[in-house]
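Visitor: Now for the letters of each chain:
Protein chains: 4
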Amino acid sequence: MNDDKHKLSMHSGRLEALGDGIFSVAMTILVIELKLPSVKGNNWNDLLNALHQTWTEMLCYLISFIVLGIMWFGHRMMFEYITKTNRYFIFLGVLFYMVVCFVPFSTRFLAANTFKWYGVLLYGINLSLCNLTLYAQWQYGIHRPSLHAREIPGEIKKEAKKLFLLSPIVYSVAIAFSFYLPQVSIAIFIITPIVYLIPNIFDKYLP
Amino acid sequence: MNDDKHKLSMHSGRLEALGDGIFSVAMTILVIELKLPSVKGNNWNDLLNALHQTWTEMLCYLISFIVLGIMWFGHRMMFEYITKTNRYFIFLGVLFYMVVCFVPFSTRFLAANTFKWYGVLLYGINLSLCNLTLYAQWQYGIHRPSLHAREIPGEIKKEAKKLFLLSPIVYSVAIAFSFYLPQVSIAIFIITPIVYLIPNIFDKYLP
Amino acid sequence: MNDDKHKLSMHSGRLEALGDGIFSVAMTILVIELKLPSVKGNNWNDLLNALHQTWTEMLCYLISFIVLGIMWFGHRMMFEYITKTNRYFIFLGVLFYMVVCFVPFSTRFLAANTFKWYGVLLYGINLSLCNLTLYAQWQYGIHRPSLHAREIPGEIKKEAKKLFLLSPIVYSVAIAFSFYLPQVSIAIFIITPIVYLIPNIFDKYLP
Amino acid sequence: MNDDKHKLSMHSGRLEALGDGIFSVAMTILVIELKLPSVKGNNWNDLLNALHQTWTEMLCYLISFIVLGIMWFGHRMMFEYITKTNRYFIFLGVLFYMVVCFVPFSTRFLAANTFKWYGVLLYGINLSLCNLTLYAQWQYGIHRPSLHAREIPGEIKKEAKKLFLLSPIVYSVAIAFSFYLPQVSIAIFIITPIVYLIPNIFDKYLP
Numbered sequence: 463m464n465d466d467k468h469k470l471s472m473h474s475g476r477l478e479a480l481g482d483g484i485f486s487v488a489m490t491i492l493v494i495e496l497k498l499p500s501v502k503g504n505n506w507n508d509l510l511n512a513l514h515q516t517w518t519e520m521l522c523y524l525i526s527f528i529v530l531g532i533m534w535f536g537h538r539m540m541f542e543y544i545t546k547t548n549r550y551f552i553f554l555g556v557l558f559y560m561v562v563c564f565v566p567f568s569t570r571f572l573a574a575n576t577f578k579w580y581g582v583l584l585y586g587i588n589l590s591l592c593n594l595t596l597y598a599q600w601q602y603g604i605h606r607p608s609l610h611a612r613e614i615p616g617e618i619k620k621e622a623k624k625l626f627l628l629s630p631i632v633y634s635v636a637i638a639f640s641f642y643l644p645q646v647s648i649a650i651f652i653i654t655p656i657v658y659l660i661p662n663i664f665d666k667y668l669p
Numbered sequence: 463m464n465d466d467k468h469k470l471s472m473h474s475g476r477l478e479a480l481g482d483g484i485f486s487v488a489m490t491i492l493v494i495e496l497k498l499p500s501v502k503g504n505n506w507n508d509l510l511n512a513l514h515q516t517w518t519e520m521l522c523y524l525i526s527f528i529v530l531g532i533m534w535f536g537h538r539m540m541f542e543y544i545t546k547t548n549r550y551f552i553f554l555g556v557l558f559y560m561v562v563c564f565v566p567f568s569t570r571f572l573a574a575n576t577f578k579w580y581g582v583l584l585y586g587i588n589l590s591l592c593n594l595t596l597y598a599q600w601q602y603g604i605h606r607p608s609l610h611a612r613e614i615p616g617e618i619k620k621e622a623k624k625l626f627l628l629s630p631i632v633y634s635v636a637i638a639f640s641f642y643l644p645q646v647s648i649a650i651f652i653i654t655p656i657v658y659l660i661p662n663i664f665d666k667y668l669p
Numbered sequence: 463m464n465d466d467k468h469k470l471s472m473h474s475g476r477l478e479a480l481g482d483g484i485f486s487v488a489m490t491i492l493v494i495e496l497k498l499p500s501v502k503g504n505n506w507n508d509l510l511n512a513l514h515q516t517w518t519e520m521l522c523y524l525i526s527f528i529v530l531g532i533m534w535f536g537h538r539m540m541f542e543y544i545t546k547t548n549r550y551f552i553f554l555g556v557l558f559y560m561v562v563c564f565v566p567f568s569t570r571f572l573a574a575n576t577f578k579w580y581g582v583l584l585y586g587i588n589l590s591l592c593n594l595t596l597y598a599q600w601q602y603g604i605h606r607p608s609l610h611a612r613e614i615p616g617e618i619k620k621e622a623k624k625l626f627l628l629s630p631i632v633y634s635v636a637i638a639f640s641f642y643l644p645q646v647s648i649a650i651f652i653i654t655p656i657v658y659l660i661p662n663i664f665d666k667y668l669p
Numbered sequence: 463m464n465d466d467k468h469k470l471s472m473h474s475g476r477l478e479a480l481g482d483g484i485f486s487v488a489m490t491i492l493v494i495e496l497k498l499p500s501v502k503g504n505n506w507n508d509l510l511n512a513l514h515q516t517w518t519e520m521l522c523y524l525i526s527f528i529v530l531g532i533m534w535f536g537h538r539m540m541f542e543y544i545t546k547t548n549r550y551f552i553f554l555g556v557l558f559y560m561v562v563c564f565v566p567f568s569t570r571f572l573a574a575n576t577f578k579w580y581g582v583l584l585y586g587i588n589l590s591l592c593n594l595t596l597y598a599q600w601q602y603g604i605h606r607p608s609l610h611a612r613e614i615p616g617e618i619k620k621e622a623k624k625l626f627l628l629s630p631i632v633y634s635v636a637i638a639f640s641f642y643l644p645q646v647s648i649a650i651f652i653i654t655p656i657v658y659l660i661p662n663i664f665d666k667y668l669p
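Quick mapping for you: the protein sequence lines, in order, are chains A, B, C and D. Mapping the first sequence onto our numbering, position 40 (from 1) lands on 502, and the numbers just tick up by one. Mapping the second sequence onto our numbering, position 91 (from 1) lands on 553, and the numbers just tick up by one. Mapping the third sequence onto our numbering, position 196 (from 1) lands on 658, and the numbers just tick up by one. Mapping the fourth sequence onto our numbering, position 47 (from 1) lands on 509, and the numbers just tick up by one.
By construction, these hints were calculated from the structure, which means they are not laboratory data. The reader is advised that the hints may include incorrect statements.
In this list, chains with the same sequence are indistinguishable; a pair is considered to hold if it fits within one copy or across any two.
Here are the simulated lysine-lysine pairs, DSS-like style, with alpha carbons at most 25 Å apart [said to hold, decoys possible]: (1) K578 with K546; (2) K502 with K623; (3) K546 with K502; (4) K467 with K666; (5) K469 with K623; (6) K623 with K467; (7) K619 with K546; (8) K497 with K467; (9) K623 with K666; (10) K497 with K546; (11) K578 with K497; (12) K469 with K624.
So that you can see chain A by itself, here it is in the shape it has in the complex (with noise of 0.2 Å):
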């Protein structure tokens, strides 16, 4: 019992950091690798054309920043219930750190790949991987009370599982699709976000 005093706080802002600047750097970085459309002349047709080369690339990292945002929002969100953190919480952060750093990667690998099935498997792949790793950490955190803030209520719990799994069962229809339509796939990769901006059980909770 003459530990108690020894009992370590760990509060998890230094980990929010850590992923603050984690997103922040891997949303940048998605733009410093567009390439610069290349116009061969004066008239608004040969700024068209230019811009038209780089449309699929631009679509890209469009997504990608937006399902960033989301996932970075969805991060946030679970600090608001869970402020400290162990070892095995902080091990689960850093596996979803990983996955998020390769979402620069595998956009990168789309942008090149665009309308092929493997572009959009390893880009359907990375992003289920960022919503896993992140629910995995979510449900360590949410059976360690010993790491909560306030108490979780039930339909949290609920919407949350349901908000974490949904991502990785849309993108693997995605990748179903890759191999015969892949603009199917790309039109889901574009509207899943969407689905995320709808009112849900949390906003109930928010200011």
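Keeping the supplied structure of chain A fixed, place chains B, C and D upon it in accordance with the hints.
Guide: Coordinates of chains B, C and D only, in the frame set by chain A:
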């Protein structure tokens, strides 16, 4: 009513930290992308020639750095008044960060096409979108009293509106000039940031 | 004695923030430097071949990410005990950050020379220096009670010493093997991080 | 007088966070830009030759890392005394960050032209500007009591002035030498940071 104890605070600190990260990467990246001047001989003239070849590029980066600094300041001011967040405020924040991340890209494009109308066009649109998305976030914020830290004086709202909308208007003029006198456009890009340094109503509330 | 009221607190928060920034850039940079696999055809075999060509590179980056994650954890733990700083503590911190910043460089070198003794040598030296500089900072810190936030239990000091010195010793063995059996060296680089995930005395003090 | 309740606190925390971000990116970027040594054979001599070819580059990066670390320390010290900000203090801060962001650029230039007068010239000017802009910010800050967290002892002001102006003076000497004996200039760049590690009056106020 029993949801009240589950109400989350959603302090804006994390969103600000993400923004500080994004601004710091975007600002540092500007300079990373500068090409090294290559000095051909050992005289002053050789150095001056080498610097002369990179001066438009250098100038574009300096303008962008100062502009990003001013935007960071506006963004920072907003969080003196608004200290809580919700899904929509954060979504608008992510949009703002997205266009901020594009600034190194459109700066590179302007540096490669400094006195071309399309260089001015994309750069002007990008900077305008930065102001407009930040303005959208501010507008959303000031109409949600549950996000406020303090009362927002009426004159602050008026002044903020003026400052947010000034640069999109001025940059439209710059774009209009670009088709005939791109030098004037560049001059506008140089002068506009200076306007934001002139004392305004905000200063009265600052230490 | 009238200097007492001028005594500065020099909280470690800023040094930690600098470290979080450096770790987050270093970790994200690791992945940025990965070359895109180039898929030559449209079959599974083509994808597998392309991935196969990058697997050693991929592996080096994964190891480094996990190693940096573990070092970040060690660094983070230190600041549970030490929350004030002075010139020398900060100088040792800057040295630690310097060798951390070299990890993406030595990882790139290992990826280019995976089964060569010199690849293993530089990488092993770099990772060892990370541990040794952090250990130097910790040693300085624990001998300056004016920097402490709380009493540091004796068994924590012993365990920390063990954990700090373990990897330099193990990496020396990896370097020794590299001249004859570089595969064993790489295996040691893979296994060592796992050792740091085994529960240890620290866990008893964590939430 | 009814403006008093609308007075903003404008704590310096955000400006410090932006600075920590910029320093951490600039410091990490230094190392990213290092070229990999290419080892031609399998002997110790081959490794030593490869390292020998990159040693001046390596040296420039090491100097810059330590110099940036010392500047970060100076910057960090300033915020022990000044904890509130206004438009002009922030503007001077952005100028300081701008020249800090140029350090990886001028380091790259020095690495490409190590023993050339123009390499030394740009590098020396850049480092001097870092000190001078930070000094300008400090000077503005110490003359605005409304920004202070605590009384600033007279001897601190004197010592700070000395430390801020020392390196621009010394670097001017380095530049003067560069036209005849660039080796001396590089020696000055190596020695100067060490001077800042010598105990000074500040230490008396630190924990």
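Visitor: Could you run down the list of hints and mark each one as holding or not?
Guide: Going through the hints against the structure:
1. K578 with K546: neither (43 Å within a copy, 43 Å between copies)
2. K502 with K623: For K502 and K623, neither the intra-copy (51 Å) nor the inter-copy (39 Å) Cα distance is at most 25 Å.
3. K546 with K502: neither (56 Å within a copy, 48 Å between copies)
4. K467 with K666: between (38 Å within a copy, 12 Å between copies)
5. K469 with K623: For K469 and K623, the Cα distance is within 25 Å only across copies (20 Å; inside one copy 31 Å).
6. K623 with K467: between (36 Å within a copy, 22 Å between copies)
7. K619 with K546: both (18 Å within a copy, 23 Å between copies)
8. K497 with K467: neither (56 Å within a copy, 50 Å between copies)
9. K623 with K666: within (17 Å within a copy, 30 Å between copies)
10. K497 with K546: Neither: 42 Å inside a copy, 37 Å across copies.
11. K578 with K497: Cα proximity of K578 and K497: in one copy and across copies (20 Å, 19 Å).
12. K469 with K624: between (35 Å within a copy, 21 Å between copies)
Violated hints, in rising order: 1, 2, 3, 8 and 10; the structure is consistent with all others.
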